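Turn these sequences into a full structure, and let the hints steer you where they fit.
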Amino acid sequence: MVAGATLAAIAIPECMGYSSIAHVPLEAGLYTIILPAIVFALVGASKLMVVGADSATAALLASGIAGLGIAGLAPDSREWLMWASLIALVTAGILFGAWLLRLGFLGDFLSTAVLVGFLTGTGITVLTGQVPGMLGVEGTEGRLTERWWYLAKELPQVDPVAIAISVTTIAVLVAAKRFTPRFPVAIMVVAVSIVIVKVADWDIPVVGAIDGGLPPIGLPDGMSWSDIPKAATVAVGAAIVILAQSAATARGFAQRHGETADVNRDILGLAGANAIAGFSGSFVVNGSPTKTQILDEQRARTQVANLTMAGVTLVVVVFLGDALADLPHAVLSAIVAVVAVDLIDLHALRRIWRMRRVEFGIAIFTAIVVMALGVQDGIVTAMAISLLELVRRQYRPERFVIVVDEAGTRTYRKAEPGRQSLPGLIVFRYDADLFYANASRFADDVMELIRNAPDPVRWLVLDCTAIGDVDYSASAVMADLIAYVHSHGAHFVLAGIDPELQKTLVTEGLLADLDPDHVYRGVGSAVRAYREAYPGAP
Numbered sequence: 005m006v007a008g009a010t011l012a013a014i015a016i017p018e019c020m021g022y023s024s025i026a027h028v029p030l031e032a033g034l035y036t037i038i039l040p041a042i043v044f045a046l047v048g049a050s051k052l053m054v055v056g057a058d059s060a061t062a063a064l065l066a067s068g069i070a071g072l073g074i075a076g077l078a079p080d081s082r083e084w085l086m087w088a089s090l091i092a093l094v095t096a097g098i099l100f101g102a103w104l105l106r107l108g109f110l111g112d113f114l115s116t117a118v119l120v121g122f123l124t125g126t127g128i129t130v131l132t133g134q135v136p137g138m139l140g141v142e143g144t145e146g147r148l149t150e151r152w153w154y155l156a157k158e159l160p161q162v163d164p165v166a167i168a169i170s171v172t173t174i175a176v177l178v179a180a181k182r183f184t185p186r187f188p189v190a191i192m193v194v195a196v197s198i199v200i201v202k203v204a205d206w207d208i209p210v211v212g213a214i215d216g217g218l219p220p221i222g223l224p225d226g227m228s229w230s231d232i233p234k235a236a237t238v239a240v241g242a243a244i245v246i247l248a249q250s251a252a253t254a255r256g257f258a259q260r261h262g263e264t265a266d267v268n269r270d271i272l273g274l275a276g277a278n279a280i281a282g283f284s285g286s287f288v289v290n291g292s293p294t295k296t297q298i299l300d301e302q303r304a305r306t307q308v309a310n311l312t313m314a315g316v317t318l319v320v321v322v323f324l325g326d327a328l329a330d331l332p333h334a335v336l337s338a339i340v341a342v343v344a345v346d347l348i349d350l351h352a353l354r355r356i357w358r359m360r361r362v363e364f365g366i367a368i369f370t371a372i373v374v375m376a377l378g379v380q381d382g383i384v385t386a387m388a389i390s391l392l393e394l395v396r397r398q399y400r401p402e403r404f405v406i407v408v409d410e411a412g413t414r415t416y417r418k419a420e421p422g423r424q425s426l427p428g429l430i431v432f433r434y435d436a437d438l439f440y441a442n443a444s445r446f447a448d449d450v451m452e453l454i455r456n457a458p459d460p461v462r463w464l465v466l467d468c469t470a471i472g473d474v475d476y477s478a479s480a481v482m483a484d485l486i487a488y489v490h491s492h493g494a495h496f497v498l499a500g501i502d503p504e505l506q507k508t509l510v511t512e513g514l515l516a517d518l519d520p521d522h523v524y525r526g527v528g529s530a531v532r533a534y535r536e537a538y539p540g541a542p
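In our numbering, the protein residues as written are 5 to 542.
Please keep in mind that the hints were generated in silico from the structure rather than gathered at the bench.
Just so it is clear, the structure is predicted and the values come from calculations on it, not from any experiment.
A portion of the hints provided could be inaccurate.
[Claimed, not checked] Under the rule of at most 20 Å between Cα atoms (straight-line distance), these lysine to aspartate or glutamate pairs were calculated in the EDC-like manner:
| hint | residue 1 | residue 2 |
| --- | --- | --- |
| 1 | K51 | D330 |
| 2 | K418 | E452 |
| 3 | K181 | D300 |
| 4 | K507 | D475 |
| 5 | K51 | D437 |
| 6 | K202 | D163 |
| 7 | K507 | D473 |
| 8 | K202 | D330 |
| 9 | K418 | D437 |
| 10 | K51 | E263 |
[To be verified] Label pairs and their calculated CB-CB ranges:
| hint | residue 1 | residue 2 | range |
| --- | --- | --- | --- |
| 11 | P421 | Y399 | 18 to 26 Å |
| 12 | H351 | D266 | 28 to 36 Å |
| 13 | L105 | V196 | 47 to 55 Å |
Ideal Cβ positions, reconstructed from N, Cα and C, are used throughout, including at glycine.
Pasting the structure below:
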């Protein structure tokens with residue numbers, strides 16, 4: 005309960021900031037951590053994950069609603085909130101369908117590199133949107149370059165007081181994060197800034213009256229069933245982000261505590277949370293890694309913490325809504341800016357750069373797409389990039405010739421023309437399933453090794469350890485390859501074949517073309533058999 009109260013102190017100003025990102029009334033953001041958090045606590049499987057408003061989904065929501073092209077639809081209007089609530093309901097339907105079909109694995113199709121790039125682009129986009137508030141000037145919508153150009157022209161109009169407030173807020177939050185990370189400094193900054201505005205009677209932009217009270221229950225005002233297809237164009241992207249981020253959050257914290265994550269049950273909890281968000285005047289909710297980290301640091305271990313957070317937030321919304329009216333825009337923008345910067349994971353980008361330059365390029369490309377085309381198009385592009393990268397790895401997997409020395413020690417060497425395992429023996433390892441797209445390349449690699457071998461090839465051993473399946477197209481190519489190997493006076497030998505793959509090859513008729521004695525349990529057995537068959541071999 006103490007952890008939940010601490011989380012509420014941090015989550016309340018954050019969720020107000022997420023409301024500004026999504027261009028909905030501030031109370032809508034606070035509502036995301038009341039009923040949705042309660043529903044997930046009762047339905048979801050994770051003992052720790054916090055569900056509520058999130059910067060990535062808030063930015064996606066704002067970009068998506070703006071992209072609907074509805075005439076007269078203005079940010080921060082009641083009609084805008086209606087669309088935000090409707091999108092939450094449609095997102096709930098998509099997540100419920102994903103739970104029925106047990107599609108929790110879809111979250112795995114966004115690679116870490118793509119997620120890092122997506123969040124980086126989102127962070128820069130959100131940060132850009134908060135700069136006008138920190139400078140005390142009016143903001144603008146449009147593409148990122150247009151907003152930067154607008155800010156450059158507005159620089160002569162900046163408000164020194166707003167800048168001073170923003171810089172002070174950021175400095176306090178950054179210092180607190182470093183030296184007292186468990187202390188709810190954000191809520192203290194909010195409270196102090198409200199008191200100062202009241203006492204000093206400063207004439208600076210404030211958030212204004214918050215229409216608090218209990219969350220309204222019912223369908224979004226003005227909703228029409230014909231609006232659902234339009235809402236679905238945004239909801240699909242939101243559902244993908246939720247699946248990926250929530251699954252990663254639940255699994256990460258479950259593993260940290262030696263537990264097993266039930267991703268599909270969490271999806272059901274998220275579906276319920278988004279449904280109640282749509283029915284209670286709020287918007288899309290997501291599993292939050294930052295809020296969950298706070299609970300973990302506070303040593304919370306059950307959803308009682310989230311129920312406590314919901315209770316504290318409800319008290320604030322019902323009884324303290326008027327007090328929040330004097331919160332300076334500069335303070336709110338600064339809080340959101342700090343959150344946006346946290347989305348830009350420079351440490352992860354550096355690690356990706358050191359380990360895999362290709363994936364670093366994918367991360368940067370994803371970030372650029374998010375910034376150039378918007379969050380909604382960015383998540384679709386990110387999904388496509390992840391799938392293309394998966395196909396690329398299967399199409400061009402690692403390929404080795406296993407070289408064996410006189411002592412029997414095996415060494416994996418890159419499969420290059422002229423390389424052999426022993427005189428007359430080539431042990432070829434292919435690290436992917438064989439399917440229609442890569443079968444021809446596989447056959448070309450084998451034939452090139454045979455043609456360029458230093459000694460006439462007697463045995464071509466295929467190490468099947470990493471091959472789990474051979475589809476129909478690949479089986480036809482493999483049959484031709486076996487005939488090619490036999491035509492060169494060599495034997496085609498299989499090693500490390502598992503029972504399922506063996507059953508597949510029998511069904512496809514491939515084993516009928518092989519000597520039954522030339523199927524071995526492992527590469528070691530095949531090499532020993534070759535040496536016994538050819539005693540003169542080293």
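Any hints this thing doesn't respect? Which numbers, in order?
Structure breaks hints 1, 5.
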